[in-house]
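Using the hints, put the two standalone chains together into the complex.
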Amino acid sequence: AQTVTQSQPEMSVQEAETVTLSCTYDTSESDYYLFWYKQPPSRQMILVIRQEAYKQQNATENRFSVNFQKAAKSFSLKISDSQLGDAAMYFCAYRTRDDKIIFGKGTRLHILP
Amino acid sequence: DGGITQSPKYLFRKEGQNVTLSCEQNLNHDAMYWYRQDPGQGLRLIYYSQIVNDFQKGDIAEGYSVSREKKESFPLTVTSAQKNPTAFYLCASNILGRPTWPQHFGDGTRLSIL
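Those protein sequence lines, which keep their order, are chains A and B. Heads up, the first sequence is in the numbering used here, so the first residue is 1 and it goes up one at a time. Heads up, the second sequence is in the numbering used here, so the first residue is 1 and it goes up one at a time.
These aren't lab readings, by the way, just hints derived from the structure by calculation. Just so you know, even glycine gets a beta-carbon here, dropped at the ideal spot from N, CA and C. Don't take every hint at face value.
Stated by the list, open to error - Residues from chain A that keep clear of chain B, each with C-beta distances beyond 12 Å, as calculated:
(1) Glu15
(2) Thr18
(3) Ser22
(4) Ser28
(5) Gln51
(6) Gln69
(7) Leu112
Claimed, not checked - List time: in silico DSS-like cross-link candidates among lysine-lysine, alpha-carbon distance up to 27 Å:
(8) Lys83/B to Lys100/A
(9) Lys105/A to Lys70/A
(10) Lys71/B to Lys100/A
(11) Lys73/A to Lys100/A
(12) Lys57/B to Lys105/A
(13) Lys83/B to Lys105/A
(14) Lys105/A to Lys70/B
(15) Lys100/A to Lys9/B
(16) Lys9/B to Lys83/B
(17) Lys14/B to Lys100/A
(18) Lys57/B to Lys100/A
Isolated chain B (complex conformation) (with noise of 0.2 Å):
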């Protein structure tokens, strides 16, 4: 079946450190898009990509890098400039041109700090 795979499901960080959050799909989906999510915040945009090797900054990109270099894949870092990384983070995709049809989303990751 096809989808989206979020790894881990649970990660920690340390101080100081980077970390790397995946997400891969196999839907063929043009667009991919990282969200966090806090409590009462509601899902908030990190980058979005509509084409491989570009991306966008979404509302809350500092601290946060991304690269798209093959279709598929969209993985988000998670940089020791992120002063607050404690947090749920959900990948989606969609396909371009088709604006009824949903956002597909991965079943996400749990980032905390140590």
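The following block holds chain A by itself, in its conformation from the complex (with noise of 0.2 Å):
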């Protein structure tokens, strides 16, 4: 069966500066998803960024970028520039052929002004 393991229970980061949030998962698949979601306060689900397994490119989206590294079954998540509003708790998540999400515990993200 598919894990993921988050093994930063809590972190903190000046504002402006860069963290990085690590995930690792185990799995027999040679092809999935992973993903990266952030509930700040407001207990909401926000997707952050996606990747796909297939793709030796590291995904992007604005501040957020992922370190993925496929034979080492890691996942990390860069926030460069944070910013208070980055405050969360973050989830890595995997996905199942079976369209099942695996979470892992989380990273609560504090932001230090």
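Shown next, in the form of structure tokens:
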């Protein structure tokens, strides 16, 4: 069965600095899809970025980018120029072939002014 | 605007009582899901349904039941058999066969024990 591990329960970063959130996963599938979701204090789940495993190029969305290392089964999220609005819980997620999504336990990100 | 509506936002359960959480979507999505969120646990899958009148158990289905009589509706019943129901419950949906498309989520229901 697939698993998703986020090893950092909490992290802090100074405003305007860069921070990287770690995520590793375990799977025997060769083709799959990975996501990062953000959950601010409002508890709404917001898609941050997605990555298709067959694409070698790392996905980028404005200040958010990933470092996807397929062989190492690693999918880290880098947030550049951190802003106060980035403070949230971040979940790494893996989409299975039968359309289930497996979430990691999350990393709570604090932004220090 | 299309989206997922969960109701109520807050719900209280008495001992021995069954309660039902509502989830409605107007996105014409095939699949719908229920997750439970506890502090430090992430989102855990309770039940999911990919077609009307069919559903599958997720990782923590004990003490819960669902129905899918209409494509747009997927209510979750928390039964008295669920001994620790206090949690935040999220409903989600997505299109099948579009794996890069993200799941859409409702705003959640917080369930507490009286």
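Which hint numbers doesn't this structure obey?
-> 5, 14 and 17
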